[in-house]
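*Asks:* With chain A's structure known, arrange chain B on it following the hints.
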Amino acid sequence: MDVNKDVDSTEESNQTDAARRQLTVAALTGCVTAVVGFFPFAAGLAAFLSPLYRKEKLPTVAGTETVSKTNFVCSLSALQMDAPPQRFKVKGDQFNAWNFEAHQDVGDVFVRRTAPDQVRVLNATCPHAGCAVACNGTAFICPCHNSSFDLDGEKLKSDSGRENPSPRSMDALEVDPQKLAEGEVWIEFQNFYTGREDRKPKT
Amino acid sequence: MRSLLLGLHAWLDERTGFQQQYEDALYENVPGGSRWIYVTGSMLVLAFVTQVVTGFALWMFYSPGSQNAWESVFWIQTQVPGGWFLRGVHHYMSNAMMVILPLHLLQVVLFKAYVKPREINFWMGLVLMLLVMGLGLTGYLLPWDQKGYWATKVATELMSLPPGGEMIQKLVVGGIEYGHHTLTRFFALHAGLLPTLLVLVLAFHVALFRRHGITVPNPGRRADEYFWPRQVLKDAVACGVMLIVVTGMVLYHHGAALGPPAEPLETFGAARPEWYYLFLFQLLKKFENEFIGAIVVPGVVMLFLFSMPLLANRIRFAHIVNVVMLFVLLGGAAYLTYEAIYHDRLAQQELNPPENVDERALYFERREASLKFIVSQAQAQREFKRAQELVEFFGIPKEGAASGLLKHDPEIQGPRLFASHCASCHSYENPEYENPESSNQEYQENRILGPPAPRDEQGEPLADPLPYGAPNLYGFANRQWFRRILDPADQGIAGDHMFGNTAHRDGEMVTFVQEELTDLSDPQQTLVDDIVAALSAEAKLKGQQQADQVAQQDGTIQRGIAALGEAVDSQSCLDCHCFHNDEGGMAPDLSNYGSLEWLTSFIADPEQERFYGYDSEMNDRMPSFARHPHDPKLNLLTRREIDLIARWLRGDDRDLATSHLRGQLAP
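Chain order of the listed sequences is A and B. Residue numbering for the first sequence follows the numbering used here, beginning at 1 and increasing consecutively. Residue numbering for the second sequence follows the numbering used here, beginning at 1001 and increasing consecutively.
Next up, chain A with everything else stripped away, as it sits in the complex (with noise of 0.2 Å):
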C-alpha cells in the first residue's frame, strides 16, 4: 500500500514536473518568438523615429558649431513709412536631408514699417493651416481657407457672416532691437505650429 501510494505520489510530481516544464518551455518560446519577431522593426527604430531627435549640424566649413539664430531681412531705409506691407525673403542655413547650403531662402515675411523707429515683421505663414497668405494693399487674405487679417497681422472679425477660420492673429516675428537702431531688420526667424490659439514654435 505505501509503496502504491508513494508511486502514486511520484506520478503525481511527475505530472506537475511534467506541467511546469512544459510552462517553461511556453514561456521560454514566448520570449524568444517575441525578441525573434520584434528584431525587424527593433532594427529600423532608431532610423525611423530620428526625425524625432536628430539635430541638424553645420558642415565644418561654416566655422561655427551652432545654426545662427538672427536673420537679416532688410534695411530699416528701404521701407517707407504708411506703404503697404513689403515681402522679403529670410536668408538662413538651410539644411534639407542630406543637403546643406548656406544664405539660401528660408522664410517669408512681410515687413512694414508703423513709426520712424519701429518696423513689423510677420511670417507669412498663414496660423489656420500652413499656406502663405497673399497682401492686397488692404489686409492680408490666405488663399486656401479665406482666413483674413488686417496690414498689423491681427485677425478680422468674423461677424457679419465672415468667413475666418484661423484660431489666432498672423505671427509675429521679434526684432533685434540693437541692430535696429543701427538701421537693420534682423529678426528671428521661426515658424509656429498652425490651427492652435497660442503660438508654439516649431522646433
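FYI, nobody ran anything at the bench for these hints, they're computed from the structure. Keep in mind that this is a model prediction, so the values were computed, not measured. Accuracy of the hints is not assured; some may be wrong.
Covered stretches of chain A, as calculated for chain B (at least 3 residues, CB under 8 Å) [claimed, not checked]: (1) 41-51; (2) 99-113; (3) 138-148; (4) 163-169.
Straight-line distance between alpha carbons at most 30 Å, and here's what the computed DSSO-like set of lysine-lysine pairs gives [what the hints assert, rightly or not]: (5) K1407(B) with K202(A); (6) K1385(B) with K1407(B); (7) K202(A) with K1170(B); (8) K1398(B) with K57(A); (9) K89(A) with K1170(B).
Using N, Cα and C, we set each Cβ at its ideal position, and we do this for glycine too.
*Replies:* Relative to chain A, chain B alone:
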C-alpha cells in the same frame, strides 16, 4: 495533348489542391441568384490590382527627392512613350476607387450585411477605406508640384492638432520642414507600407466574406445560382465599364494634371486637395476651432461608422437609423464637395448678389476669393506650359528644373515677383478683353489681379475712393499703352487701367489729354497715332519689332517725333517732357521710354530727376525698389529681381530662340 494536360492538372492538384480552391471560389452559392448590385467588390479589387501594376511601372521611372521628384514625373508625363497614359490610368483609377468605395459601403449597409456575425468584416472594410484614402493623400504629394505640395502641407499641418500630433507630424514629414525626407517617407508609405497593409486586410476581408457567404435580404426572390458564370459575367461587364470610363477620362484630359514644380516660399493661390477630399477642405472653413473641423467631426463620423453593427445588433430600429444616417453623411459630404466647387467658381456665375446686407458683403468677399482662385489656377497652367518649353529648349540641369531653369526665367519669376511686390497697387490684365469674369483660358493665364476696389460695409464699391491703385501694366509701352494714355475717353487716360485710381487722375497730363485731345479732326488724330508709334518705338519691344520697322520705313516715326513738338492749341508734349534733349523737364523723360534700361531704372528709383524727381509731390506712392546701386542690402529688391520683372513686362524672353536666357543657360 489532352492527356498530357490532364496529367499535368492531376500532378499539380495532388501537390497543391488547387482544384478544390478554385471550385470553392467559382461555385460559391449566391442566394437569390446573381445581381448587378454585387459588382462593386470585384470592381474595387480590379481597380486595386490596376493601381499595383501601374504603380510598379511608374516606380521604374520615379525618383523621390526635391530635385528629382517633379522632374521624373515630368519626364513620365512628357517624354516616356505612353507615360502620360500610364500615369493617367493610375490617377483616374484612384478616382474610380473613391467613387465605388461609398457605393460598396452603401450596398453592404442596405443589404444589412454588416450585422452579426459580419461585424469584423465590416470593420475591415472601413479600415480598407481609410487605407485607400491614405494612399490618395500620400500619392498626391509625390509629383512635388505646387498643388500637391500645398494640399499635402495643409493635411500634415492638421496632424499636429491632436495631443501627441506634433510627433506624428515630424515622423510623417521626416523633420520639421518639407524636403527630401518628406518625399522618401511618403513614397515608402504610398508604395510600401499602405499597399502591404491593404493586401493583408483585403485578404482577411475576402476570407471572412467567403466564410459568411453573401447576405441577401430576400433570397427567395429567385433560384440560387453559383458565382460562376452569371455573377462573374456581371462583375466582368461592370469592370469593363469602369475601365472604359477611366480610359475615357485619361484620353479626354490627356492624362493626369501636373502643375509647376513646388516652391515652398511662393504663395500658391489655387491650393486645393483632390476632389475626394474637398468635403474635408470645406468643413475646415466652417469652424473657427480647427480641432473640431479637422479632428472631432471626422472622428465622430468614423466612430459612428465603426459602431453601426454594434448598434444594429442591440437596438431594434438601429438598422433603419444607420441607413438614414449613412445617406445623410454621404449626402452631406456630397453637398460640401459641391459647395467647395461652387464657391471656387462663383466669379464665373452671373453677378447675383443677395438682398440681405450681411450676406451681400460675404458674397462679394467670396466672389473676390473665387476670382483669385481662378486666376491662380490659370497661372499655374501657364507656368507648367512655360516649364515644358524651357525643358524642351534647354533640357533639365542636374540641380533640377525649379532651381536650374525656372529660377532664371523672367516669364516665370516676373509674374511671381510682380504679384508679391507690385500687385498691391498695379494689376496686369489685357484691358481689351471685355468680360473679365470669363473662363477664357488665355486671358486668365496672363492676368495678375491688382488691389480690389474699396467697398463699403454692404459690399458696394465706393463711388469716389481715395487713390488705391496704379496703372494696369499689361502691354507696357506698346502702342495700345500709349493710345490709352492719349485717349480722353472714359477708359483712356483717366480710366481704371491707366491713372483713374491714382493721384494723377487730377493731374496736368490728364487735364491736357481730356481738354486738348477731344474731338480731333482726322489729320489731328493721324498725328496722335504717329506720336503713339514714335513713342512706342522708343521701347524697342521684341513683340513690336516688325511694326516698328515698317513705321520707321514709311516715315511714321519721323512724323511722330516732329509732332511731339507741335503745339495743340498752346501746348506741346515737349513743353513738359524731355525727348532726347534737355528741354522740358517738368514731366517724366520720354527718351527711350519703356526700354529695358529705362524700366529697370524707373523701378529702382522713380524719384530720379528724369522720372518724378523734378517735383517731390509728383510721385504717387511708387516705392524706390533699389535706390542704392552699390549697397544692395539697403534695397527692397535686388537688381536681378528688377531685371526679371522688367524683362517679363517687356516680353523680352517670351520667345526662347531670341531670349537672353539662351546665352545664360545653354550648355
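*Asks:* Does each hint fit the structure? Answer for all of them.
*Replies:* Here is how each hint holds up against the structure:
Evaluation of the coverage hint for the stretch 41-51 of chain A: fulfilled, as 3 residues show C-beta separations to chain B shorter than 8 Å, against a requirement of three. Coverage of the stretch 99-113 of chain A by chain B holds in this model, with 4 residues showing a Cβ closer than 8 Å to a Cβ of that chain against a need of three. Look at the stretch 138-148 of chain A against chain B: 6 of its residues bring a Cβ nearer than 8 Å to a Cβ of that chain, three or more, so the hint holds. Chain B is given as covering the stretch 163-169 of chain A, and this holds because 5 residues of the stretch bring a CB closer than 8 Å to a CB of that chain, at least three being needed.
About 28 Å separates the Cα atoms of K1407(B) and K202(A), which keeps this hinted pair within 30 Å; it holds. At most 30 Å may separate the alpha-carbon atoms for a hinted pair to count; K1385(B) and K1407(B) meet this at roughly 15 Å. Restraint check: the Cα-Cα separation between K202(A) and K1170(B) comes to about 10 Å, which is no more than 30 Å; the hinted pair holds. Distance hint between K1398(B) and K57(A) is fulfilled; the C-alpha atoms sit about 25 Å from each other, no more than 30 Å.
Of the supplied pair hints, the one linking K89(A) and K1170(B) holds, its CA atoms being roughly 24 Å apart against a limit of 30 Å.
The structure is consistent with each of the numbered hints, conforming to all of them.
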